[in-house]
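Chemist: These are the residues of each chain, in order.
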Amino acid sequence: MSLDYFLTVSVFSMINMILASSLNILIGYAGQVSLGHAAFFGIGAYASAILTVKLGMGYWPALLLSVFISGLIGLLLGLPALRVREDFLVLATIGVNFVVVSVFNYVKFFGGPYGILGLPRPSLFGHAFTTREYALYVFLWTLVVVFLVRYLSNTYLKLGFDALREDEDAAESVGVSSPRYKMYAFAIAGLLAGLAGNLWAHYMTVVFPDNFSFPVSIGILTMVVIGGVGTLIGAIIVTILPEVLRFARDYRMLIYGLIIVFTMFFMPKGIVGSIKGLIFGDTPLGKKRVEKVRRIAGAQGRIAGR
Amino acid sequence: MLQNIVNALVLGSSYVMIAVGLTLVYGILKILHIAHAGIYAFGAIFAVYLCEIGLPLVFAVTLSLILSALLGMIIYKGFYKHVLDRGRIVPLVMSVGLFATMEDLYRLVWGPYKRPFDVYINLPDVMTMDLYLSSRGLLMLIVTAVVIVLLYLLLMRTKLGKSLRACSNDLGLAGAFGINTDRSVAFAFLIGSSLAALGGILVGLYDNTVYPTMGSVPSYKAFVVVVLGGFGSIRGAVVASYILALVETFVVYYFGFLLPRDAIAFLTMILLLMFKPEGLFGKVRR
Chain A
1 MSLDYFLTVS VFSMINMILA SSLNILIGYA GQVSLGHAAF FGIGAYASAI
51 LTVKLGMGYW PALLLSVFIS GLIGLLLGLP ALRVREDFLV LATIGVNFVV
101 VSVFNYVKFF GGPYGILGLP RPSLFGHAFT TREYALYVFL WTLVVVFLVR
151 YLSNTYLKLG FDALREDEDA AESVGVSSPR YKMYAFAIAG LLAGLAGNLW
201 AHYMTVVFPD NFSFPVSIGI LTMVVIGGVG TLIGAIIVTI LPEVLRFARD
251 YRMLIYGLII VFTMFFMPKG IVGSIKGLIF GDTPLGKKRV EKVRRIAGAQ
301 GRIAGR
Chain B
1 MLQNIVNALV LGSSYVMIAV GLTLVYGILK ILHIAHAGIY AFGAIFAVYL
51 CEIGLPLVFA VTLSLILSAL LGMIIYKGFY KHVLDRGRIV PLVMSVGLFA
101 TMEDLYRLVW GPYKRPFDVY INLPDVMTMD LYLSSRGLLM LIVTAVVIVL
151 LYLLLMRTKL GKSLRACSND LGLAGAFGIN TDRSVAFAFL IGSSLAALGG
201 ILVGLYDNTV YPTMGSVPSY KAFVVVVLGG FGSIRGAVVA SYILALVETF
251 VVYYFGFLLP RDAIAFLTMI LLLMFKPEGL FGKVRR
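The listed protein sequences derive, respectively, from chains A and B.
Going by the numbering used here, the first residue of the first sequence is number 1, and it counts up by one from there.
Going by the numbering used here, the first residue of the second sequence is number 1, and it counts up by one from there.
Read the hints as simulated data drawn from the structure, not as lab findings.
Glycine included, each C-beta is placed from N, C-alpha and C at the ideal position.
Take these hints with a grain of salt, some might be off.
Sample of chain B residues with no beta-carbon within 10 Å of chain A, all distances over it, derived [said to hold, decoys possible]:
{"#": "1", "residue": "Leu2"}
{"#": "2", "residue": "Val6"}
{"#": "3", "residue": "Trp110"}
{"#": "4", "residue": "Tyr113"}
{"#": "5", "residue": "Asn122"}
{"#": "6", "residue": "Thr128"}
{"#": "7", "residue": "Asp130"}
{"#": "8", "residue": "Ser135"}
{"#": "9", "residue": "Leu150"}
{"#": "10", "residue": "Gly161"}
{"#": "11", "residue": "Arg165"}
{"#": "12", "residue": "Leu190"}
{"#": "13", "residue": "Ile243"}
{"#": "14", "residue": "Leu246"}
Which residues of chain A face chain B? A few of them, derived with a C-beta cut under 8 Å, are [claimed, not checked]:
{"#": "15", "residue": "Phe68"}
{"#": "16", "residue": "Pro80"}
{"#": "17", "residue": "Phe88"}
{"#": "18", "residue": "Gly95"}
{"#": "19", "residue": "Met264"}
{"#": "20", "residue": "Phe265"}
So that you can see chain A by itself, here it is in the shape it has in the complex (with noise of 0.2 Å):
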């Protein structure tokens, strides 16, 4: 196994945690399920390609371009949420992702299914990142989107998306705006897979419609479901299973599937999610556990005062 296939390996297991990080955002906050989130990903990278590629800017101006744009589209496409719940939802981004892939597809502007060539790699001081310095680089905004989430989760935005999760009229009810706190929540997921496309589109250096196809957010929504709202070891296993299962490669598809059914059958909550629930009795057999647990020491308790 040599260091260039190590680093491409963790170099995709970290840009997708980004995507995983952003889609938990949606959905492990602010409850908006979305199976489009490929097209968002998409948005970003095809974005730092035509800024680059055909419009000649520099990585840098580009990258926060980019990322602006895509937050800025994921603002628009975040419109029909305003309108829409639930499972209505899931379909309007499932259109929104063919839509997206279609635009890419059949627009000249885009490259059509032949996409972009020819990406520069990002460049400091005048020195183009070899691999090694940009899967750090990568790293580093891994790091910085990782503890990004951490410190929303203690803002007063998070309560907003909790309150909008739970029950979106008790939200409106009290005065936490329903409208508002969606958009915010497609913004920022907008923001992040923006910039997952951004570094994904520089690394591989040519993006293609089809990078970006529905399959794509079905993965996206694999790593959060396997691993549990608000994890990112789902993002870890699914990219790396198909590396360490090389005779598995060619059943992608078919695990994928597999896993998503089964989570939802046996954990809803995911592995993590599930493991906890075993620990502190969330889950019945979990629950079941805690009793007993408290049974039998209520017994010791009761004995040791007699």
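With chain A's structure known, arrange chain B on it following the hints.
Modeler: Frame of chain A, contents of chain B only:
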């Protein structure tokens, strides 16, 4: 002009077949059954397989429809039924997972190839001055017309249809009045799945290709029809199928839109969801 209308009718018929099952299931259980298109592909693939090993077409189609219906019921009994009480997102995500699994399974078993549906159909091609309709297209129109009539009779004239309509109106209340709701839902899956499979077979015949991912676009496009027709309304779904097909065909023909027709359909759906979520014919639901 006439040609366009006929093309649109054929296209609309393919939408009817898949959308009816979806709207039946949605009307009763309020879940978006994305894996429905998995059954659509299964029906076509299995029928082609049976034809290839030498069974006569009618027999192959019947067997394939029965198996698809059972598959639909297994999906309900084995999967959805156990997660219905966990909100609407869980069955939906599960359905997406199921669909991905089914599609990949077909690819692995069948191979990623497109195969022709080589059978002889005892119907004439319709050919006049300004109209061409192949025998397979004719078959599609005839079968769909028969199916729509049968479906109407089933829903309006039989006890089963009455119970289905009652369940679709209010599942809990229907149960309280002594309707075996579990059985009705299972029947909805049986009927819907066999129709989807029939749709898959007819489309496979018409295009003369069958391949594992033939369900991916219809799966989401059928939802466009369901949204357009008003969720849960079968009559709406049938009318909406033809409207969508006509609009798509004519927009592409006259304006040469810069996006493919699927994108037009999805764009319509998004706009409709935003501005008129109850659909063109649906009642306002809470």
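Chemist: All hints are to be evaluated individually against the structure, with a verdict given for each.
Modeler: Against the structure, the hints come out as follows:
1. Leu2: holds, 29 Å
2. Val6: The claim holds: B/Val6 sits with its nearest Cβ about 26 Å from chain A, beyond 10 Å.
3. Trp110: Since the minimum Cβ distance to chain A is about 13 Å, B/Trp110 lies beyond 10 Å and the statement holds.
4. Tyr113: Correct as stated: the minimum Cβ-Cβ distance to chain A is 15 Å, above 10 Å.
5. Asn122: Check passes; 39 Å lies beyond 10 Å.
6. Thr128: Check passes; 34 Å lies beyond 10 Å.
7. Asp130: The assertion about B/Asp130 holds, with a minimum of 30 Å to chain A.
8. Ser135: Fine: 33 Å to the nearest Cβ keeps B/Ser135 off the interface.
9. Leu150: At roughly 29 Å from the nearest Cβ of chain A, B/Leu150 sits farther out than 10 Å, so the non-interface label holds.
10. Gly161: holds, 26 Å
11. Arg165: At roughly 22 Å from the nearest Cβ of chain A, B/Arg165 sits farther out than 10 Å, so the non-interface label holds.
12. Leu190: Holds, since 21 Å exceeds 10 Å.
13. Ile243: holds, 18 Å
14. Leu246: The assertion about B/Leu246 holds, with a minimum of 20 Å to chain A.
15. Phe68: violated, 24 Å
16. Pro80: Because about 5 Å separates A/Pro80 from the closest Cβ in chain B, which is inside the 8 Å limit, the hint holds.
17. Phe88: Since the shortest Cβ distance to chain B is 6 Å, the answer is holds.
18. Gly95: holds, 4 Å
19. Met264: holds, 4 Å
20. Phe265: Where the cut-off is 8 Å and the nearest Cβ of chain B is about 7 Å from A/Phe265, the hint holds.
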